[in-house]
Each structure stands twice: as structure tokens, then as C-alpha cells.
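4 protein chains.
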Amino acid sequence: MVGHSFMGAAHSQAWRAVNHVFDLPARVELTAVCGRDPERVAAAAQRLGWADHMTDWRALLARDDIDLVDICTPGDSHAEIAIAALEAGKHVLCEKPLANSVAEARAMAAAAEQARAAGVRSACGFNYRRVPAMALLRRLIADRRLGEIRHVRAAYLQDWITDPEFPLVWRLRREHAGSGALGDIGAHIVDLAQYLTGDRVVGVTALSETFVRTRPLPAGASDGLTARGDGADGRGEVTVDDATLFLGRFEGGALASFEATRFATGRKNALRLEINGSLGSAAFDLERLNELEFLDATQPTDEQGFRRILVTEADHPYLSAWWPPGHTLGYEHSFTHQVRDLVAAVCAGEDPTPSFTDALQVQLVLDAVERSAAAESAWTQVPAAGAAVAEAAA
Amino acid sequence: MVGHSFMGAAHSQAWRAVNHVFDLPARVELTAVCGRDPERVAAAAQRLGWADHMTDWRALLARDDIDLVDICTPGDSHAEIAIAALEAGKHVLCEKPLANSVAEARAMAAAAEQARAAGVRSACGFNYRRVPAMALLRRLIADRRLGEIRHVRAAYLQDWITDPEFPLVWRLRREHAGSGALGDIGAHIVDLAQYLTGDRVVGVTALSETFVRTRPLPAGASDGLTARGDGADGRGEVTVDDATLFLGRFEGGALASFEATRFATGRKNALRLEINGSLGSAAFDLERLNELEFLDATQPTDEQGFRRILVTEADHPYLSAWWPPGHTLGYEHSFTHQVRDLVAAVCAGEDPTPSFTDALQVQLVLDAVERSAAAESAWTQVPAAGAAVAEAAA
Amino acid sequence: MVGHSFMGAAHSQAWRAVNHVFDLPARVELTAVCGRDPERVAAAAQRLGWADHMTDWRALLARDDIDLVDICTPGDSHAEIAIAALEAGKHVLCEKPLANSVAEARAMAAAAEQARAAGVRSACGFNYRRVPAMALLRRLIADRRLGEIRHVRAAYLQDWITDPEFPLVWRLRREHAGSGALGDIGAHIVDLAQYLTGDRVVGVTALSETFVRTRPLPAGASDGLTARGDGADGRGEVTVDDATLFLGRFEGGALASFEATRFATGRKNALRLEINGSLGSAAFDLERLNELEFLDATQPTDEQGFRRILVTEADHPYLSAWWPPGHTLGYEHSFTHQVRDLVAAVCAGEDPTPSFTDALQVQLVLDAVERSAAAESAWTQVPAAGAAVAEAAA
Amino acid sequence: MVGHSFMGAAHSQAWRAVNHVFDLPARVELTAVCGRDPERVAAAAQRLGWADHMTDWRALLARDDIDLVDICTPGDSHAEIAIAALEAGKHVLCEKPLANSVAEARAMAAAAEQARAAGVRSACGFNYRRVPAMALLRRLIADRRLGEIRHVRAAYLQDWITDPEFPLVWRLRREHAGSGALGDIGAHIVDLAQYLTGDRVVGVTALSETFVRTRPLPAGASDGLTARGDGADGRGEVTVDDATLFLGRFEGGALASFEATRFATGRKNALRLEINGSLGSAAFDLERLNELEFLDATQPTDEQGFRRILVTEADHPYLSAWWPPGHTLGYEHSFTHQVRDLVAAVCAGEDPTPSFTDALQVQLVLDAVERSAAAESAWTQVPAAGAAVAEAAA
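Residue numbers (the numbering used here), protein chains in the order written: chain A, 1 to 394; chain B, 395 to 788; chain C, 789 to 1182; chain D, 1183 to 1576.
Any given hint could turn out to be false.
[Unchecked claim] Computed footprint of chain C on chain A, listed as stretches where at least three residues anywhere in the stretch have a Cβ under 8 Å from a Cβ of chain C: (1) 205-212; (2) 373-379.
[To be verified] A few chain B residues that face chain D, going by a derived Cβ cut-off under 7 Å, partial list only: (3) 544; (4) 649; (5) 658; (6) 670; (7) 675; (8) 691; (9) 773.
No wet-lab data here; the hints were simulated from the structure. Nothing here was measured: the structure is a model prediction, and the numbers come from that model. By construction, the Cβ of each residue, glycine as well, lies at the ideal position given by its N, Cα and C atoms.
Whenever a hint applies, use it, and build me the whole structure from the sequences.
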């Protein structure tokens, strides 16, 4: 694993747990973790359960005892590490968003396509696909229980930077994070919307805002923030979006609205989805991730209503491996399911999902959103990833 | 109508509205309202829309232009007025609880049985039966959608007297109210439980408490409160229960729990019901009276969940007369539905429900509850009302 | 009153009830109702409680015994009737949306301004301002309890035309309704958003769709639908939007999203609002109209949470006139409150709200939305109504 | 660890995870697991992460490399193993309910008191005390934020045996499980109620029922079920309660209701609590374990409401070690917190909670409940555990 902060901890938990819960044809070993700071990575290895630790990710790729590399660094280093890892013949799990730009994402998707020919697998870490309620909803939609999809209503609401004195962390700088709320949390709802519907967003109109323009430099700010002329007054410029909203059309004709914000006071991690179709509807809130609301419009009108399905039954996705009905799971389990599916696919010689191309498709939406927002909300087409990958490969 | 405070206002609203909403074979006229205080009853008549006002209810009964008497006084006067009205050949709607004692209730039920032979109708005002969600639930249970009933869980939670300085109003004195939370709000959940299940409570064990034993006498306290030795310090004794809880068994084998309290801080009018059967379950909260939660256990396990049925569809009880789907009703509409059903029954020469005998059955439960609470929670049988009425008639 | 279908019924209920609930300096009399069809208007008068009925609205305006005219017709006749009524010196309550076009709305606002000089009052029927939870939220925001507003998230979701065989009623034809979901229900959320924040939408980007393009002509279709070439196959063209979504910016800097749709399967009347500010947030759903969710971000973080305020306390707007705490109101009460405020203002010689100019401001937003949707979502400015009225007056 | 089925898996997860999440002065090692069947325990050791496995728990106790024994067997073996472990100088964590009888529980509590003198620690596994929302509620009540407690309303609702053909597993036989719903899930709500209020139940009246009297013997039924004369028809007798309800009084004067049932169709693991005090109220549902509803009655009445506190903030109990706000925990984390607190206490030379005496206090309530249910709901006093332990020690 490369990187060991928030996502590194979440992924480590999954790697540690997966064999204790699921029957898999292979046993996972946490061989080595890599980070830039020797002391911090040593402490992380100890805390997170990795046998070894390193500071040079290229050295990590050179090791023979490593089959798979899990990339948990900020987005600006994804492309370089992932492409090198694939070329080194390592399977790759790369955190989302796949990259900070379409160009990088395209290169990564092309590299993944090439590696795939050699049996080297890759996947992007859109973990919310593995929340059982989301997997169940995918099944319902694939079974046409919602009929023709008319509306997708998606929002990812957080509030952790509403305080103007919250420091200028790396997630608030474009050079590291690529974008702000859009890439961090907006990426999740774009991926979920496309995954759940089995359709893709083909055009968007967008609006973006940075409510708080400068913030205090973090204690011990590194990464050349001050060198860049910021911080004379101890503050630096926020160079990403605090909030981005966009409307879109799906290829199949559905209308969609998306909102990603870090200024929704009181909403901590409210990823909300509602999908309306000709035969039914569904709704979800990540703050209540064990529940799926489902309405079946084919039932008699006097009995219809949104049912709160507690997604903890043995016949729900992933659940047979866990606890009895009603004994809920949490946020972290989505990562455990993610590595379960990844390991199972690698062992079976199959492609895990979402592929880098799927993740590129998300990136293409984010890119169109940024271009629309920069062009006074002008309607902006989203190309198909397949063509983009072919182009990059050519 | 006799009485014109809270219930009088609610009933008046219903009488005024019913012909504007429902097609009925008769047109309701608000002929006269009766109250003890000449000035207050005159003001009430004006405010509530009654053509005339009087202070002597016997004079009211003597009028030829009155077909039906609606009794909205405190429980201690129900028996006398209702029996006189029935004997005078007036149809009667009597507020719940039917009476303050079983003896009175039995006499009223016997009088109602006699009057019925002469085509004179009577009903008790358990208005919550006419909340559309409750009528819908009755239909579902009658259609065996819940299967064999195993559990009834009922609570009626309010908090209006948690402040120890809230005054000693008539509802807190046994001689006027009969009992406290038990008769006022406990009566509703007993009636609903029996109505919805179509079954009756046959035995109980109970617990009762008065948390605040004395309260300030209300400004202008009348009714001999001070004469009774109370109030030397400006306070008088609370002589009814603040909260009563009881467990019971239904004749059909279901277990039940009931709670009526005025000390559930933050719960304003939370009449909550949950019923579990072998084939399904339902839940309700009066604070969200347009909704019924229904679970159909015959559906595939991965799709089961409590559905929130918004009970505003045209095929829901009473709703075709109101607004389009999703346009909600409120508390007062239960009274409008009550008089709709009453007028329809009277015009059709049929017996409205609940009958005085049904209400006596509730009273018999309340009485058993009081006796159990007074006897260290001893298990106490509840006799069948039919036998009681026959006994009274003999 | 002119018009007597759905809105006519809702308004009549309010006129009948208001003096029985609120203390007002004047007593309302339901003098006459006007409709095109003599038989239907006669039946409506009887049902809805109007003393007289007419078929010529100009004759209605000529009557001396009428002080106020309530216009409940489809939007295409609002301007003509309202302007004539104002010129006849009648106070006017006009249903929303104010008109089917900005030009009409502007003329109406100008007429209202002129009439006002003569003490003739006017208001537009955005009744949801008078839902107590909305009035409470307005108070909280005006008291700066939410701080600086950052996000307004508004949706009005219905599903009554998801069936492609639902007939082509007047609301689905542009010449009568002006627009579809946008004007019918989108108008409400635009007005609420502007009213609650005390701010106005200054620019928008929009997306619109008609999912079902033709529908069966209604039985007895009139209004020249067939004459227009529609209906050779018994079907006619839907000429309004089924769904319209738009993003906007408020003058004060807040971002907003709006959605109005009649294709949200399972959502019956889900007007949902969420507002996030620097100090707090609030959320509302019209399907639970007695509740307001409020988060106070100034409280200690370990105690923060969205509170469900049951808006039924005596110190909540309008509530002291109704029932005890926890005894809920319904949809129709918003109309009762609307006429209460209107009558109070007229008697006090004050201007009721929302004024025609306020309603014109809504119309200007709707117009910008339609223009943006027609221009590939191009960003479209919304002019201020004041200037528009001045221009019309000039 | 002794025992390795459901509870064994949950506890193992906690032991594996605790050092990766919390800073503790000691590192946990999963030394050995013990079970009766050699093959099954070997597989369990592999699956659950134990270094060694054994079939003789006495041999386990004899090992020098074991400091702490975690007892996860059915209740009928708790006393023997726990007392032997304590005598062997091992710290003990024993699953709830502490024992199947008061006599056993009393002996265990006495043994724990003796061992304690030698620095040997013990705790009972009432894991729900460690759900963060419950720990937060304990803090609020201890800080007197709810004031004087008036009502405790507790129910634990499941539905896993509503099907009459569900087999006769060990939990349905008195000789193994002690009781049915009462001891299995009722024990949890009794413990929580006493823990949260800091008070104890002093008297009860109870009602109990077994709805389904015989069930199919499980495939490969052992434990002498058939030998006992059951099963001639392939079915055996259910000898425990399906549902038990009881009312109680707390020493401090609060009234309480409790319900434990396995027949609440559609309720999977609904442990619900509501506590009303003179200054506030709180409500909880284990199916939404990241949330606590809290009402502060000292705030202005027009702003009061139950707040949904999402208990995922860094200043909430246990949360600083986990994920960012809004990233939820699940059922299993209560066990991780339990072992965290246990290890911390053992290392600090302090007594972990709940003690065996605390658990005995729960057992005394359960015993009184069973006696009341067997005696026609007669009011039954609950003795204080302290006295009972002293008596056992004498």
C-alpha cells in the first residue's frame, strides 16, 4: 500500500479483515506500506498492521513478494504510481478519483487496458458501490423493478470546512487535490449514478463556488504552500471549489441533478440518492447506510409506500458473511467488500469493477462540469470513455 | 351540542364542514349550543357557528327542532345527559370516555339498547377510529393481511403537565374527570386496539403514578375545589393518575402493552401503535397521522420493509372527498369523518359505531386497570360488555 | 370567487372557516361564486357554501355587495380578471402563478400599484408561506439563526402523470397553464425560497423535459383541443414540461437548486426545502407539514443534530388559534391562514403579502428558466421586479 | 476464548481490531480458542484468527501464556468456566446473561469479588453499553440534562422465529439458554436501563408467552433433545418464552416498561429505548445505532424538538479513534469498544464495568420477572445485588 492516512487506514482495515469474514481462494498478507516520512510510515505500519514499511514506492514495486498495490495517496500521484505498478506486473487498486485530470486518467485507463492483456488487473476504489444497499439497488434496477429511469437526484453533503478558520489542508489546493468538493465527493455520486442506472451522463450544466477564499496555513505547512507567495498573513488561497452543483442528462433520457458541497451545515456525510422510474423509485442516505427505501409502483395504490428495507438479511449482497439480520454494518465494511470482490476477481482471472475506464468515465463528467462552470454554465457534452481510451492508446 | 370548550370546538368544526365535503342525504344544522355560563356560551355560539345558545340542557332536549345531541361536557355529566337525551328520542353522540364509572357506562349502554329499539341511535366519540390511516389499518387486519395477531404495542404520550406549577384544572380531579391520563388518553388506545384487532382485552396488570401530588389552584377555581380543604396554600391535591401503564392479554391470545402518560417530555400527542401478526405488521404515530407503516411478511425477504403509506389516495378511507394525493389532513378531520359516518348511519336507519356497548367495553378495561393498579398489579379479569349490559337491563 | 374546482374548493373552505377560528375585525361573507357552466357553478355554490352563483365574472365585479374578489381560474385568465377587479375597486386575491407570462404579470403588478394608491389591496395565493413551519422558518432566518445563507435546495415532486394514459387535461396545455410542472409547482418553491431567505434569484441555468409527448384527449375535451389538429388518434400533444430543473444564484451569494417534476414515482406532494447557513440549517417536507427540522450550529458539537420541531405550539405562527400542542394541521389550513392575513391587512389598511410585485419576481425567475432551458441551459439573468413594474407603469 | 459461534466471531473481531484502532498500553494476542468439536474449533481458529485451538477449557485455563479468558458459550456453562478461570487467576470477560440462574450468578459475583482482591478483573459482556450513542446518553443523564427521570420505555424486538417451522435450536431450550427472549435480549434492555439511569429496578409485574409450543428438531440435534422424549414426530417442545413483557418501578420513582420478543414481525434487531425526564428526553433504536434523539426541554418552546444527533463526532465517546464525522459504525464496533475498555482497565489495575455484581443485578430482575409471570403477574420485589453477593460470600 502506498499512502497511510485516512484512506490508508480504511483500506488497511479491509485487508486485515477480509479473510476472517469471507471465504476467498487466497489469503491476504499485508506485506509493506509506503510513505514519504520515515517516522510516520513506521508508526503507521505498526498501527495499521503492515509487516514492513518503506519510503520509496518504486522500491515497493520492485519487490517480488508483492502481487497487488493499493494506492491511497492524493490524486496528483495516482497516475505515476499506478502506471508504474501495472508495468511492473502488479495488480492495482487505486483510490478515487482516478486522477486529477482527464489526461492522466486516460493514460491510466490505457495502461490498464494494456496490462489486462497480460493478466494484470486493476480497479478504482469507488467503495460505495459495495455498500450492501447500493448493491441491492443495482440488482433491483438491473431486474427492471424501477422500469424506465426518469430522474436521478444525487447530493453529497458535508460541512467540515464551514468554519473560515479551518486550515488550508491539501484537499483545498488544486495542485494536490485536482478539485475540491467536486472530485472528492462529487466523484462518488457520479460513479454511483452511472453504476446504478447502467447508463452514463452525456451532458451537463454546472455552477461552482468557493465561499471562503483564504484560510490559515496549516501548522507545519509543507508542499511549498508558502513558497508560492501565499501566507504572508499566515493565510493561503483556497484554489478549489467549496461547492459544485450540476444538472445532467443520461444517454437513456433521464434527467439528473448533482450537488457536492462541504458547506451543508449539519450534514456530516450525507450522500443521498433518489432514483425515480416508471415502475418504482428508490432512495438512500449514506448516514443510514443499512437502509434502502424502495417503492414498487406496481402494487395496489392503497398499499404503496416507500419501504425501509433494512439491508441486513442473509440474501442481501455481502450479508451472509456477517451478522444476523438487523445487526448493522458501518462505513468501513464497504472497503472490506471492495477487497473481497477484488481478490475474488484476481483469483478467478477476471476483471474487477469499476475498471479504470469506468473511473475515466467519471473523470470525463467531472471535467465537463468544471468546463461548464468556467463557461457560465454552458451546456457541455461528456465524451464516452471508450473512445478516449482508444485515442490515448493510439 | 352540550359543552363548548376544546371538544366543543372540534365537534363544531366537524358539524360545520361535513356537508361541504361529503355527499350526505341530510343537511346538518347547528341549531343550539348549551353551556353553564350565559356569557361564555353566547360567545361560543358566535365563534363556533351555532344559531342559538342556552344554559339548560334539559331545555335543549325539549326542543322539537333538534334531532341529535352532541355531548362534549366532562365525563361526570355524560350519563345523566345522554340517558335523558335518548329518552327524549334524540340521537346521541357522546364524547369519550363514555362515563367516569362502569356503573354509569353500563346504564348508558342499557339506555342505548332500549332507545335503539325505537330507532334512536347513539355513538361514542372515539374519533381516532376515523383517522384514515386507522381505518385503512382496520381494513388490512380485517382482510387478514397481518395474519394472526401476536402483539399490540400502544402508547399515548403527552407532556402538558410536566411543569409542577401547571394549575389544577378539572382534568386533574377525579370527581370531574374520573381518572387522569388513563381515561383521557388511555381510553383512546384501548378503543383503537380493540377496534383494529376486532378482539378484546380480557385481563390486565397495571401500574399507576401521580408524580406531582399538589398543584396551584387555577385562577378563579370553582367547582368547590377550595371548599374541599384543598388550597390553604393556594395548592390543591391532584387526585388522578399522571401516568398509567398496563399489560394485557387479548381473547385471541395476543399480548399487549399500553401506556398513557402526561409526563413524556417532548411528546406532544404521540399516540403510537404497533401491531405484529404472523403475516405482517403495522405501525402508526398520531403526530404523523397521514402515514401508516405497513410490512408485508409474505413478500421476498430481500424486499421486505416497513412501507410508509401516505394515506391520501382517493382509494383510502374518506379521502376521495378531500384533496389530491399528498395533500394532507390534520387532527380535526377525524371529527368530520366521525359526523359523516354518524349522519350517514342515522339517515340509513343503521347503528353507528362505536356503540355505547363498545365504549362500555373500553370502560371495563379502564376499570380493571384501576383495580389492578390499586391491588399491587394483581392480574385482573375484564368482563365482556354484553353480559354487563344484559345485567344492567335485567 | 371566480373559479370553483380544486383551488376554488380549497379557498372556499378557508373563507368559511376563518371567522370561526381567528379573531378578525370583519366577518367574511361568501357572497357569490362565478363559473362558466351554469349547472356546475350552481352545484359548486351549494357544495362550497356560496350564497349566490353567476356565470359572468364582469357582472360579479359590478356588484356593490362584494369587497374582495378571489381568482381561482387557470392562469390564462388571471390578468384580465384581476386588472378589471382592481379597476372596479375590489381587493383581489389571485391564485398562483400570478400569470402565464411576464408581460401579463407585469401589467398586473402595475395595476396593483395603481390600485394601492386608492387603498385597494391585492395579494397572490402562494399559500405555502402560511404553513406554520414555513412562517417559523422565516422568523428563524430573519432572526439570523441560520447566519449567512449558502445553500437553498428545493424540490417539488409529484407523480400524478407518470401513467402515459393519463389524459391531456388543461394543465398539460401551454395556452391554458402557461407551463407545466414549472409554473404549477416550481412557482411555489421559487416563491418560498425567495420569501424565506429574503433574497432573490438573480440568474439561472435550466433543463426541461416532456417525457410523455402525447396523451389521450379527456372525455368531453373542450377548449378547441381537437380543432388544433390534435386528436386524430384520440390523442393530443402535451405542450408543457413534465419536469424542469434549474440551478441559480441568489443576490446574496447563495447557491440554489430547484426541481419541479410530475414524474417522481411515489412522491405525492413532496415539496422539500433545505437551507444551509453559516450558523445553522433547516429542512422541510410538505408531506410532513407540521414539522420543521432545525439545526443550530452554535451549540456544542456533541449535542448538535437536526431537531424535529413539531410546529403545533401556541407560540408558533397561527397556532394559538387552533388545537393543543401535538394536534396537527393539514394542507387546507395554509389557505385559512392566507385569508386570515389578507382580511387582517385589508381591515388595517395595510398591504397583504405576497404582493403582485413579489409574484412578478417569481414569474421573472420562471421566465428566465424557460429561456435558459430553450437555449441549451445558457446562464440567464433574472431582472428585478421593481424595475419591471416601473417600466410597465411608464 | 471459549466458544466460537456467533458471539465468538463478534468477540474475535474485536480482539483482532482493538490495537489497530485504539492506543492501549498492552498488545492483544489471540492465543487460543476452545470448543467441543475438534474439527469445528480448528476451522474456527483459522477463520477467526486464533493462533491455537483446544477442546478442553480446563487445559486452556492451565496455560501460562494466557492472561484473560473470554467466555462465549451458552449460559449454562458460564458459572463453571468463569469461576474456574477466576480461581486460575485469569481475568474474565463473560458473555451476557451472566448465568442461567440467580444462584449461579450470585456464585460468580462472589468469586469475582474474591478474585478482585488478588487483582484479577472480571466484566460481563453487555456490549450495548459501548454503542457510542448509549455512552453519550449515559453522559447526558449523569450530567442531569434529562433532570429527574420519570419514564423508561424499553423494547427489544426481533422476529427470527415467527415461522413455526424454524427449528428447535439451543436458544429455545431452558436447560441451555435459561430463558428465551427474556434472557437473550431482555437482559440487554434491563442492563441498559439500569446503566443509563444509574438506578435499579426494584419491583416488576410480568407477562410471558410461548406462541409456538413445538418445533422441528434441528438436523443433527444433539444435547439429548430426543432422549428426553421429544421428537417422536420429529418435533420437540419449546421450553422458553417467545415473548416477555413487564412493567417495573425504579428505586428513584421512575416507571418502566420492558418488552422482549422474537415475534415482532419485520423488526430485526430493534432495541428501542426512550427515557423521559423533567428536563429532557432521549430516544434510541439499535437499528439506527449511530443516532441518538435528544430533546432539551430547557430551550424555548418554539424551538424544542427531538434532535437526531449523529454520534460520529470526534468528541463523542470512542469516536476520535475512528473515521471522520458522518462515517458510521456498525454493530460489531460495540465489541471493539468493550475490549478496549476492558484492556485499559486491566492495564490500569482498575475494575472494568459492568462487574459481575452489576450483571447479577440484571439477573435478579430477570428472575423476578420469571417469578411474576409464573404467579399471574403478581408484583415481585427485586433484591439488591450487593446484599445477594454478601449472602453468597457468607
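Cross-check of the supplied hints:
For a cut-off of 8 Å, the count of residues in the stretch 205-212 of chain A with a CB near a CB of chain C stands at 5, and the three-residue condition holds. Only residues whose beta carbon comes within less than 8 Å of a beta carbon in chain C count, and the stretch 373-379 of chain A has 4; three or more means the coverage holds. Restraint check, residue 544 of chain B versus chain D: the minimum CB separation of about 5 Å is within 7 Å; hint holds. Of the supplied interface hints, the one on residue 649 of chain B holds, with its beta-carbon coming within about 6 Å of a beta-carbon of chain D, less than 7 Å.
Because the closest C-beta pair between residue 658 of chain B and chain D is about 5 Å apart, less than 7 Å, the hint holds. Because the smallest distance between the Cβ of residue 670 of chain B and any Cβ of chain D comes to about 5 Å, under 7 Å, the interface hint for this residue holds. Because the closest C-beta pair between residue 675 of chain B and chain D is about 4 Å apart, less than 7 Å, the hint holds. Look at residue 691 of chain B: its Cβ gets to within about 5 Å of chain D, closer than 7 Å, so that hint holds up.
Interface restraint check for residue 773 of chain B: the shortest CB-CB distance to chain D comes to about 4 Å, inside 7 Å, so the restraint holds.
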